[in-house]
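So you can see what is in the structure, the chains are spelled out below.
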Amino acid sequence: MERIQNHPILGRWQTPREPVAFTFNGKPMMGLKGEPIAAALLAADVRTLRRHEESGHARGLYCAIGHCMECRLSVEGKGLVRSCLTPLEEGMCISEGLQLPNEITGRKLL
Amino acid sequence: MTKDSQPDLIIVGAGPAGLSAAVVAAEHGLVVTILDEFPEPGGRMLGQFHEEKGHWWVGKQIAHNLIEQCCALGVHIRCGVSVHGMWKNGHRWVIRTSDGSITAANVLLATGGAEIPQPSPGWTLPGVMSIGAAQVMTNVHFVKPGRRGLIIGVNVLAMAIARELSVSGVSIAAIVLPSQSPLSGKDALPKENVEKLLGLAHLAPSPLMRMGGRAAHSLKMAGVVTHYFPRGGIKLWDIPLKLRTTAIAINGKDRVESVTLADLNGRGEMIAGSEREEKVDFVALAGGLYPLAELASVAGCPFVYIKELGGHIPLHSEEMQTPVAGLYVAGNITGVESALVAMAQGQLAATSICRDAGLLGSQSDTKIAEAKQKVQQVRASALIQFHPGIPKAREQVYKMWAKGCDCVENN
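Just so you know, the protein sequences line up as chains W and L, in that order.
Residue numbers for the first sequence, in my numbering: 1388 to 1497.
Residue numbers for the second sequence, in my numbering: 120 to 530.
None of these hints come from the bench; they were simulated from the model.
A hint or two may mislead.
[Said to hold, decoys possible] To spell it out: a stretch of chain L is covered by chain W in this simulated footprint if at least three of its residues, at any positions, have a beta carbon under 8 angstroms from a beta carbon of chain W; those stretches are:
#1 154-160
#2 261-272
#3 275-288
#4 448-460
[What the hints assert, rightly or not] Calculated pairs, DSSO-like style, for lysine-lysine (alpha carbon to alpha carbon, straight line, at most 27 angstroms):
#5 L:Lys179 <-> W:Lys1420
#6 L:Lys372 <-> W:Lys1414
#7 L:Lys511 <-> L:Lys486
Just so we're clear, the structure is a prediction, and the values are computed from it rather than from any experiment.
Glycine included, C-beta positions come from ideal geometry on N, C-alpha and C.
Take the sequences, apply the hints, and build the full model.
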């Protein structure tokens, strides 16, 4: 999605943010250092952040402020994090939250 | 132990209430630490702006001023830190966080509010988000939530953020009603929404609409207005507000592709054959706000239910004390109101904390009275009223406090 370079009311970012490289599901991408992972992925047009643990259905960002836990995904070295609260760093290896085997969730879905 | 791991006061939440409280407490000599799980301080003020008497009120600017004052006074603001639990160990609170434990004699909970989820068919699809998420992405992170979106739900929050999104260049197809379900209740009915909007007429973009709103309100014309409300909607700024249109389902494979809309008659019944698809790539659900109060419950504070304030709130006095010794509250945790009210409440809470710590001496009565008066003044003059019954509802809470606080045991 489009980044706002010069906001009509809020202006430009005070100090320009440094572009950093990262990977999502192995694919190389660029984002801005310090922005939440969820914002970097949205800017890269990535909507699916996670597969529902039981059904495998696509899930994305919902509340953007850490309340709903919908945007959890995994970052190498950090484990499962809320992508809306986790600042992007250079070289991060990020992968979407995965569907789990049914033996773990214990329920059968139709 | 350093001063920093054992402050006098821990504030949970670096929003308008928490930052304002920190400034007052630090001015009186208390060592203050603020914790917030968002990566930067300012709370939801960071993404808020609105036009007021011909100029723009910019929350980010106000937040930055408060943060500067905090820094100058030596307040330690720790962001990216989540609070998981709290308990009393003797006379001190132990606050358990994602970055270790810290202790303090006093804790101020200024955790703000959260959005009421509004389940709709298809709402788990990526691209469906709360309206606050659209606000944060656009105005805090400067990334548009999509190319073209639809807002489902009509309330103060929806209207305020719709305006912000439109000013920020985010294309909004329309604001429509949620689908009728046992969960949507009256929020899905045109007449109730017209009534609600008439109460918001002071926020309307044109004097004509404001006058119309006032006139219709005084004549109790909601039913009539609903009947004549055009099926195509009216334009609010440049966004079509469609009070006779409902969103039946959000569609797409792995992401939002469209929303199925249908028209309603004045009684809220669907008009057969009016279903059609609106192509959008994101949907913002606006269910309103409720006080985010779990930590008060963990701390052992009793709760009361007050509909006008947004639901369950920790019992508290007008001076922002709770029945639990050393536990104070301020801002939206005490009831959903604007950032300006939250700021005044934060100042009042800090004044109470300083008074209870014996720091105000002979001035204590005057200072408390001044801070209380400020809250009342700000409340009375607030442009954005989340509910018309707030001042009365507040009185009700203070009466409950007067009756109930003696019988609640302090931890």
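Hint by hint, here is what the structure shows:
1. 154-160: holds (count 3)
2. 261-272: Since 6 is at least three, the answer is holds.
3. 275-288: Since three or more residues must qualify, the claim that chain W covers the stretch 275-288 of chain L holds, with 3 doing so at under 8 angstroms.
4. 448-460: Since three or more residues must qualify, the claim that chain W covers the stretch 448-460 of chain L is violated, with 0 doing so at under 8 angstroms.
5. L:Lys179 <-> W:Lys1420: It holds: about 20 angstroms lies between the C-alpha atoms, which stays within 27 angstroms.
6. L:Lys372 <-> W:Lys1414: holds, 22 angstroms
7. L:Lys511 <-> L:Lys486: holds, 24 angstroms
Violated hints amount to a single one, hint 4; each of the other numbered hints is respected by the structure.
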